[in-house]
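Novice: Each chain, written out:
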Amino acid sequence: SQQGEEDPQALSIQEGENATMNCSYKTSINNLQWYRQNSGRGLVHLILIRSNEREKHSGRLRVTLDTSKKSSSLLITASRAADTASYFCATVFYNQGGKLIFGQGTELSVKP
Amino acid sequence: KAGVTQTPRYLIKTRGQQVTLSCSPISGHRSVSWYQQTPGQGLQFLFEYFSETQRNKGNFPGRFSGRQFSNSRSEMNVSTLELGDSALYLCASTRGQGDSPLHFGNGTRLTVT
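As you go down the protein sequences, you meet chains A and B in turn. Mapping of the first sequence onto the numbering used here: residues 7 to 118, in sequence order. Mapping of the second sequence onto the numbering used here: residues 25 to 137, in sequence order.
Read the hints as simulated data drawn from the structure, not as lab findings. In this text, all values refer to a predicted model and were calculated from it rather than measured experimentally. Even glycine gets a Cβ: it sits at the ideal position worked out from N, Cα and C. One thing to keep in mind: the hints can contain errors.
Said to hold, decoys possible - Among the chain A residues that face chain B by a calculated CB cut under 8 Å, a handful are:
#1 Asn37
#2 Gln39
#3 His51
#4 Arg56
#5 Lys105
#6 Ile107
Go ahead and model the full structure; you've got the sequences and the hints to work with.
Specialist: Written out as structure tokens, the structure reads:
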């Protein structure tokens with residue numbers, strides 16, 4: 007079964023608006039990662055946040071991690087049409103660095 | 025630096041056949057992982073190889089197998105194909121130590137008829 011559950015499953019916004027996606031997981035993790043996937047292609051790594059970190063930024067991306075609630079959120083600010091893609095959170099257990107457990111993903115549509 | 029390369033890009037097979045997919049990781053990466061992506065089950069971990077040894081394994085039947093060569097290139101094999109094996113198979117590589125993000129190839133789209 008999937009470790010992560012994402013919310014919402016689909017999100018449609020206008021260019022310039024912010025997009026927030028949430029991810030919940032079930033057991034203790036080493037780190038949590040966010041990936042983007044354009045239709046039918048491979049995943050692209052966006053950001054990694056370790057279990058002892060609470061917030062990270064990368065360009066227009068902001069990720070938070072709340073280990074007490076076992077949840078994370080990804081915020082994309084000032085969205086662009088090119089941000090249209092599926093976004094996945096993935097959790098990594100200790101000593102299993104190559105094994106990511108993915109959520110079902112959020113399908114983001116940014117309309118120009 | 026060249027990215028992760030997967031071949032072939034598309035494949036059509038018949039039930040009962042077997043198939044071999046290939047993955048060339050980024051130069052210097054010693055870990056290769058394989059994932060299956062379907063609309064119903066999402067992204068599921070198959071297995072990971074590091075320095076020619078299987079380091080992690082997912083919950084797939086024995087029909088799914090893999091191996092890694094000394095140059096870190098990896099292959100996965102699916103025997104006795106079933107309709108449900110139709111999926112996008114993704115390979116990812118990483119240095120394999122510490123908190124290294126995965127670098128994915130564009131996948132092999134397998135259709136079983």
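Novice: So, as I understand it, the hint says lysine 105 (chain A) touches chain B; can you test that by seeing if any CB pair is closer than 8 Å?
Specialist: Status holds, d = 4 Å.
Novice: Does the nearest C-beta of chain B fall within a distance shorter than 8 Å of the C-beta of histidine 51 (chain A)?
Specialist: holds, 4 Å
Novice: A closest beta-carbon separation below 8 Å is what the hint needs, so does glutamine 39 (chain A) meet it against chain B?
Specialist: At about 6 Å, which falls below the 8 Å cut-off, the nearest Cβ of chain B leaves the hint on glutamine 39 (chain A) intact, so it holds.
Novice: Does asparagine 37 (chain A) pass the interface check with chain B, least Cβ-Cβ distance below 8 Å?
Specialist: Where the cut-off is 8 Å and the nearest Cβ of chain B is about 5 Å from asparagine 37 (chain A), the hint holds.
Novice: Please check whether isoleucine 107 (chain A) passes as an interface residue: C-beta within 8 Å of a C-beta belonging to chain B.
Specialist: holds, 7 Å
Novice: Please verify that hint: arginine 56 (chain A), Cβ, nearest Cβ of chain B, below 8 Å or not.
Specialist: holds, 7 Å
Checked against the numbered hints above, the structure violates none of them.
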